[in-house]
Amino acid sequence: MAQHDSHGGAPHIGLPIYFAVFIALMVLTAVTVWVAFQDFGAMNNVIALGIATVKGALVVLFFMHVWHSSPLTKIVLVTAIFFFLILVVFVYADVGTRDLLEIPGRPAHFGESTGP
Amino acid sequence: MSDVAHSPKPNRLAHWYRSYAEQTESVTLGMWLFLVTEVMFFGGLFMAYMLYRGQNADAWAAASHHLDIGLGAFNTAVLIGSSLTVVLAVWAAEKGKQKQLALWLALTIVLGCTFLGVKAIEYEHKYHEHLFPGPEFMFEDTREGVHDFVDPDRARMFFHVYFGMTGLHALHMIIGIGIFLVLLVNTLRGKYTQQWHDPIPIAGLYWHFVDLVWIYLFPLLYLIGRH
Amino acid sequence: MTSTTIGDSHAHEGDGHHEHADYLSDGYGLKSWLLTTDHKRIAVLYLISATGFFLLGSIFAALIRLELATPQGDLVQPDMYNRLFTIHGVIMVFLFLIPTIPGVFGNFLIPLMIGAKDLAFPRLNLASWYVYNVGAICVLLAVFQGGLDTGWTFYVPFSSSYSATNVVLAAVGIFIAGFASIMTGLNFMVTIHRLRAPGMTWFRMPLFVWSHYATSIIILLGTPVVAITLLLVGAERLLHLGIFDPAYGGDPILFQHLFWFYSHPAVYIMVLPAMGIQSEIIAAFARKRIFGYKFVAYSSMAIAVLGFLVWGHHMYTSSQSPYAGIVFSLLTMLVAVPSAVKTFNWTATLYRGSVSFDTPMLYAMAFMGLFLVGGMTGVMLGTLGFDVHVHDTYFVVAHFHYVMVGVTVTAFMGGLHYWWPKIFGRMYPEFWAKLSAMLIFAGFNLTFFPQFLLGYLGMPRRYHAYPDEWQVLNVLSSAGASILGFGFILPAFYLTWSLTKGEKAPANPWGATGLEWKAASPPITHNFEGDVVVTHEAYDYEALVRERDAARTTTQSEEKPVV
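Protein chains in written order, with this note's numbering: chain R, 139 to 254; chain G, -19 to 207; chain P, -1 to 561.
Don't read these hints as lab results, they were simulated from the structure.
Warning: the hint list may mix true and false statements.
Among chain P residues calculated to face chain G with C-beta under 7 Å, some are [what the hints assert, rightly or not]:
hint, residue
1, Leu28
2, Asp116
3, Ala118
4, Met187
5, Val223
6, Ile226
7, Thr227
8, Leu236
9, His238
10, Leu239
11, Ala245
12, Tyr246
13, Gly247
14, Leu256
Chain G regions said to be covered by chain P (calculated; three or more residues, Cβ under 8 Å) [stated by the list, open to error]:
hint, segment
15, 25 to 38
16, 60 to 68
17, 197 to 206
Note that CB positions come from ideal geometry on N, CA and C, so glycine has one too.
The shape of chain R in the complex, shown without the other chains (with noise of 0.2 Å):
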């Protein structure tokens, strides 16, 4: 097995892809605080998450040398980030539909009060 395919090092990746992907991780640095300071609404949030997954995909897949990993690795990965969203579906799941059932007392809102 060669020695190289676990970290994915030199005959892989080379020196101008590095670089490379530090000035694309800088330049969406900016973008991203540019952006915060227009207001594009709802969409502000779907923006800045969205440019903080390309980067994060970046960091990942280059600096940790994803792209080249192993197929166990890609699965080792992709299996936190399910059981992540696992954990905030199903949080959601329940703190998104408490409103649905209107029960006296309860609060219309969650996180709203019911009076003094």
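Given the coordinates of chain R, assemble chains G and P onto it according to the supplied hints.
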């Protein structure tokens, strides 16, 4: 195994592995699995963030306004730069270039310390602005223009999450700097060779992960409701 | 089951030790044990710790049952009773049930079963034992400095704002012990992926290894979430970081979500390794391949994944949205399926098997019946409507003791007897072992079955006093507890006795398949002489019979005759 036959002294192959490749793959997989635990560890805090921000959007926008975007963006750049120096350190290790390896490791440490220094300054500002959670907490909505009344308690929750997340992140940075210091000392002692230098890339994976967390923390904490 | 090619032995390290010394005599003195990196010695260290904590947890259980023998709260004050059940739960769950089977049997057997010399990270393994004990010491310090009264579940806002006990120290202890668990899970995963001997494909591995692989997945994904959750409770107490405090818009139910996100899969961390042991014992004492090997292997994985989708069934009455409750309830029905598959397959293995009833098999039989009750009452509790009636009653207490003691502790005892000859090179006395197994089974059922009835009748859990009409059932339960306790004390004596006075064990006293039985009893430090190459399937009893017959024509066999 042929690897062992050609191995330079001292032999860096632990006896329960059958080859250098097996050893490298094992420690790399081990680090990735550890990073999985870190994703889930920070994940709990991200969950709290998402939930509470959704429920207190305006209060959190007002609270976030107290954070210094300039320092935050600077720190983001610093950390991205440190990821670059890490990647260059790994490259140098693979090429067997000892001096460059030491240089990039040292730069990583410097950038990491810079990040922490800026964070310390930010925390100090927050302390003086009475924004530390505790009995002295006092909140003011400092945004320009007219805004709905913001419940200071709801704004305070932002700071609970802010200090919780950046504090945990900073703790990971401190540990990372410690690890890189050890790597630097070992490099100066000639411990790493082109044949064997596993600790460099796996410490690198850890460092990139810490950078990754910050890549999300920066927009989520600093860039709320700035328009 | 395998052919072991005897090649050049790597065992002569030449530092003055006897060549091919067994691992127990390879180096004497405390330092050689406390600084060992041999997975087998570390397993023994875990056994010592685990036994100690089990004993401590049992003492608290005894005090609880003593209090509950009378309806009035006359033994201890309510505050003290809160501490008793909390500490019993914390010690048993975090210091025994989670770490023990992986720490003792996983550590000892996984390298042997896959033909490796050690785990992937032996020093990490040793570190995990130390970290486990450091965590345990923190918990015990909290116990002896005023105790803990939050319940093992640490619900907020009581634990974060109101409890006057040393919550932070206990939480820190559990946090640290969680690290040890993660280290173990990580070690197992890398070992199983990378260190299998040539020819040991995934589907030739013993089911015990599959179980531990699935367990490791759960450990890595779940433990960090409870870690951050407990950290946040500590932060709320120490740093006023009120993440769950409603005064600041915090949600105490978020605590429960985060807590149970781990703590439900945690029960599968307790159960999957036990099921792994069960597979090994059933195969060995029916002298037959486990029926539906692949289904059992896949079921382990299914339990690991599905186990993460059902945590809300602990929260039906918490003010969680009923819609979420419905989803969790449906998914809970689903997670029962792979467990049922395993149970059917173990039963089917017995059919036309050559069954013998040595002590390990007695425990395996007990496991089947107790798991049936525990598992089915789990399904009952997963049913939303029913749970609303029995939540926080003794029905729940009975259910989880049926699975935690009836499955995990039973399998631990079964595995202890099954692998005792391998680990220590001695046979235990069969008569006393069988007697203990029967006492444990009888005592256990007498203790916990009445609790189903009590729960259904409405007796709440965590109460130190109750109405007179429930005394009879409580007295039965407490009486059962004393029999159970006695049943556990006996092995402490006869197993210790066997260490020096027991009959010396041959390499394969049970005539079982499995690479661990090819190694000596006890094994040499490096496990096998020479390299291991695997050519047979798992549980290949037909091949074992053929090899035995071939060997018998040339040499005397000291192993159990084939029936």
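- Message: Taking the earlier hints as the rules, which of them does this structure contradict?
- Response: 1, 8, 16 and 17
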